[in-house]
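So the sequences go chain by chain: A and B.
For the first sequence, our numbering assigns the number 1 to the initial residue and increments by one for each residue that follows.
For the second sequence, our numbering assigns the number 1 to the initial residue and increments by one for each residue that follows.
Hints in this document: simulated from the structure, not taken from any laboratory.
Misleading hints may appear alongside valid ones.
What the hints assert, rightly or not - Taking CB as the label site, the calculated pair distances span: (1) Glu130/B to Val169/A: 36 to 44 Å; (2) Ile161/A to Gly57/B: 39 to 47 Å; (3) Gln161/B to Met162/A: 28 to 36 Å; (4) Phe93/A to Val141/B: 49 to 57 Å; (5) Ser72/A to Lys19/B: 39 to 47 Å; (6) Ser14/A to Leu160/B: 49 to 57 Å; (7) Leu4/B to Glu179/A: 50 to 58 Å; (8) Glu29/B to Lys42/A: 29 to 37 Å; (9) Gln22/A to Glu212/B: 47 to 55 Å.
Unchecked claim - In silico EDC-like cross-links for lysine to aspartate or glutamate, where the CA-CA straight-line distance does not exceed 16 Å: (10) Lys174/A to Asp164/B; (11) Lys61/B to Glu25/A; (12) Lys19/B to Glu34/A; (13) Lys78/A to Glu34/A; (14) Lys30/B to Glu63/A; (15) Lys32/B to Asp116/A; (16) Lys200/B to Asp164/B; (17) Lys53/B to Glu124/A.
Said to hold, decoys possible - Partial list, computed: chain B residues near chain A (C-beta under 7 Å): (18) Leu4; (19) Gly24; (20) Ser28; (21) Lys30; (22) Val55.
Cβ coordinates follow ideal geometry from the N, Cα and C atoms, glycine included.
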Amino acid sequence: MKVSFRSKEEDIISQIRGGDHQMMEKVYFLYRNEFVSWSKGKFGISEDDALDHYQDTLTIFFEKVMNGSVTSIASSLKTYLFGIGKNRVLQQFDERGRMDRHSDGLTEHYQFIAEDPDASLIFEEARKQTTRIFSAIGDVCKEILRLFYFEKRSMSEIAEIMGHKSEAVSRTTKKRCLEKIRSEVKEPLRDG
Amino acid sequence: MDELKEKYLQGKMTDAEQKAFESGLTGSEKEKLARELGIRAGLESGFRNELRKTVAGFERKRPRVRKIYPTYISVAASVLLAASVVFYFTTSNQSLFEQYYQPYPNYEVTTLRGADKTSREIAYSAYDEEDYIGALASFNVLETLSMSDYFFRGICHIQLQQYDQALSDLNLVASGDNEYSTTAKWYAALIYLELKNEAKANDLLKSLSKGESAFSASATEVLDKL
């Protein structure tokens with residue numbers, strides 16, 4: 001017998017947007033078992049794969065909430081999550097496999113990267129090198145870059161979250177952090 | 001130019017603005033932008049991986065599920081096992097209870113701080129905060145209790161070492177066909193271990209070990225230890 005009430009979706013979203021890990025954990029367990037059973041039965045996949053897809057699904061959902069691209073859900077949270085999850089499972093059978101769709105999205109938006117071989121090489125090399133040095137980025141830099149690039153926060157929000165005296169301080173800090181990464185990302189070697 | 005470039009990199013231009021901006025770019029400017037976009041894509045990828053690790057980390061907080069280890073029990077071991085059951089129930093039941101018992105996490109009701117709450121939400125909120133006396137008080141004023149309420153009230157009783165009341169709630173849940181019935185059996189078995197009620201603990205553990213629940217491996221393990 002289920003308890004018939006839950007936190008409203010918008011409350012859940014606002015708490016996740018605010019970085020509440022406890023709420024993220026609760027959402028994770030809310031549909032975990034149901035999703036795993038459902039996807040095993042519907043798609044004939046293993047328990048490990050089902051769990052993997054569920055974790056991918058929740059990562060996508062949390063990211064969308066954190067970067068502000070999801071602020072409300074027209075359907076129920078369960079319908080929404082199972083919708084994402086279904087697409088993730090179907091991608092398993094897609095010949096493109098489980099590529100990083102976000103990078104695909106970026107090159108779709110900036111078509112010159114896909115069209116210009118030199119630009120494509122430079123983009124790919126910079127992406128790889130940044131991913132490689134990611135763990136060495138200091139905590140303060142990581143936090144400010146996360147707020148700006150991943151959560152798409154405004155400078156005034158960042159200043160408030162980071163406890164900076166002004167937006168200018170946040171802007172300077174972000175610039176300095178990005179400069180450090182730029183200095184460590186080398187140009188790729190090219191023919192000729 | 002820097003402002004335009006930033007607007008472009010953040011993907012905030014309209015299609016027309018983007019087209020106009022790109023058409024004015026030289027080869028080297030495109031390469032600079034490609035590098036900048038690559039760095040941003042790498043950062044996003046790093047943050048996404050961190051988030052994915054956080055999500056995967058939640059899995060480790062699930063109630064303990066133990067692997068079934070292949071066991072070989074010889075005749076001699078069986079004799080030894082029988083002897084140790086007698087020994088166990090006079091000496092070390094409590095340590096097994098302590099070893100295996102942990103309060104069940106509340107995934108039933110999500111509660112919010114500061115929001116207007118019903119008695120049921122207050123009960124679960126108190127449970128989340130490990131205020132088992134408060135949770136019990138709120139469960140007890142509910143007009144009707146669902147099976148999940150009985151289950152979590154049972155766990156509150158265990159926390160307060162009120163084992164008879166805990167068994168009353170958990171056996172009620174275990175007797176039905178609901179999502180907590182198997183879990184309730186596990187907790188009832190642990191209480192019987194604590195109360196040194198060999199027969200009832202064994203019955204429940206054997207029943208759990210034969211099933212395919214999350215507790216079957218743990219039940220088998222406890223039976224092995226007995």
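Here's how the hints hold up against the structure:
The hinted range of 36 to 44 Å is satisfied by glutamate 130/B and valine 169/A, whose Cβ atoms lie roughly 40 Å apart. Taking the beta carbon of each, isoleucine 161/A and glycine 57/B are about 23 Å apart, not inside 39 to 47 Å as hinted. One distance hint, 28 to 36 Å for the beta-carbon pair glutamine 161/B and methionine 162/A, is violated here, with the actual separation near 47 Å. Separated by about 52 Å at the C-beta atoms, phenylalanine 93/A and valine 141/B satisfy the suggested range of 49 to 57 Å.
The beta-carbon spacing between serine 72/A and lysine 19/B, approximately 32 Å, falls outside the hinted interval of 39 to 47 Å. Distance hint check: the CB atoms of serine 14/A and leucine 160/B are about 35 Å apart, inconsistent with the given range 49 to 57 Å. Between leucine 4/B and glutamate 179/A, the C-beta spacing of about 20 Å breaks the proposed range 50 to 58 Å. For glutamate 29/B and lysine 42/A, the Cβ-Cβ distance of about 49 Å falls outside the hinted range of 29 to 37 Å, so the restraint is violated.
Separated by about 31 Å at the C-beta atoms, glutamine 22/A and glutamate 212/B break the suggested range of 47 to 55 Å. For the hint linking lysine 174/A to aspartate 164/B, the alpha-carbon distance of about 60 Å lies beyond 16 Å, and the restraint is violated. Annotation: proposed proximity of lysine 61/B to glutamate 25/A holds, straight-line Cα distance about 9 Å (limit 16 Å). Taken as a hint, the lysine 19/B and glutamate 34/A pair is broken in the structure, with Cα atoms around 46 Å apart against an allowance of 16 Å.
For the hint pairing lysine 78/A with glutamate 34/A, the CA-to-CA distance comes to about 10 Å; that is within 16 Å, so the pair holds. With a C-alpha separation of about 29 Å, the suggested pair lysine 30/B and glutamate 63/A falls outside the 16 Å cut-off, and the hint is violated. Straight-line distance between C-alpha atoms of lysine 32/B and aspartate 116/A comes to about 13 Å, which keeps the hinted pair within the 16 Å bound. For the suggested pair lysine 200/B and aspartate 164/B, the alpha carbons sit about 14 Å apart, so the restraint of at most 16 Å is met.
With a C-alpha separation of about 24 Å, the suggested pair lysine 53/B and glutamate 124/A falls outside the 16 Å cut-off, and the hint is violated. Checking leucine 4/B against chain A by beta carbon gives a least distance of about 15 Å; that is not within 7 Å, so the hint is violated. Restraint check, glycine 24/B versus chain A: the minimum CB separation of about 12 Å is more than 7 Å; hint violated. Interface restraint check for serine 28/B: the shortest CB-CB distance to chain A comes to about 10 Å, outside 7 Å, so the restraint is violated.
Proximity of lysine 30/B to chain A holds as hinted, the smallest CB-CB distance being about 5 Å (cut-off 7 Å). Using the Cβ-Cβ criterion of 7 Å, the hint placing valine 55/B at the interface with chain A is satisfied: the shortest such distance is roughly 5 Å.
Against the hints set out earlier in the document, violations occur for numbers 2, 3, 5, 6, 7, 8, 9, 10, 12, 14, 17, 18, 19 and 20.
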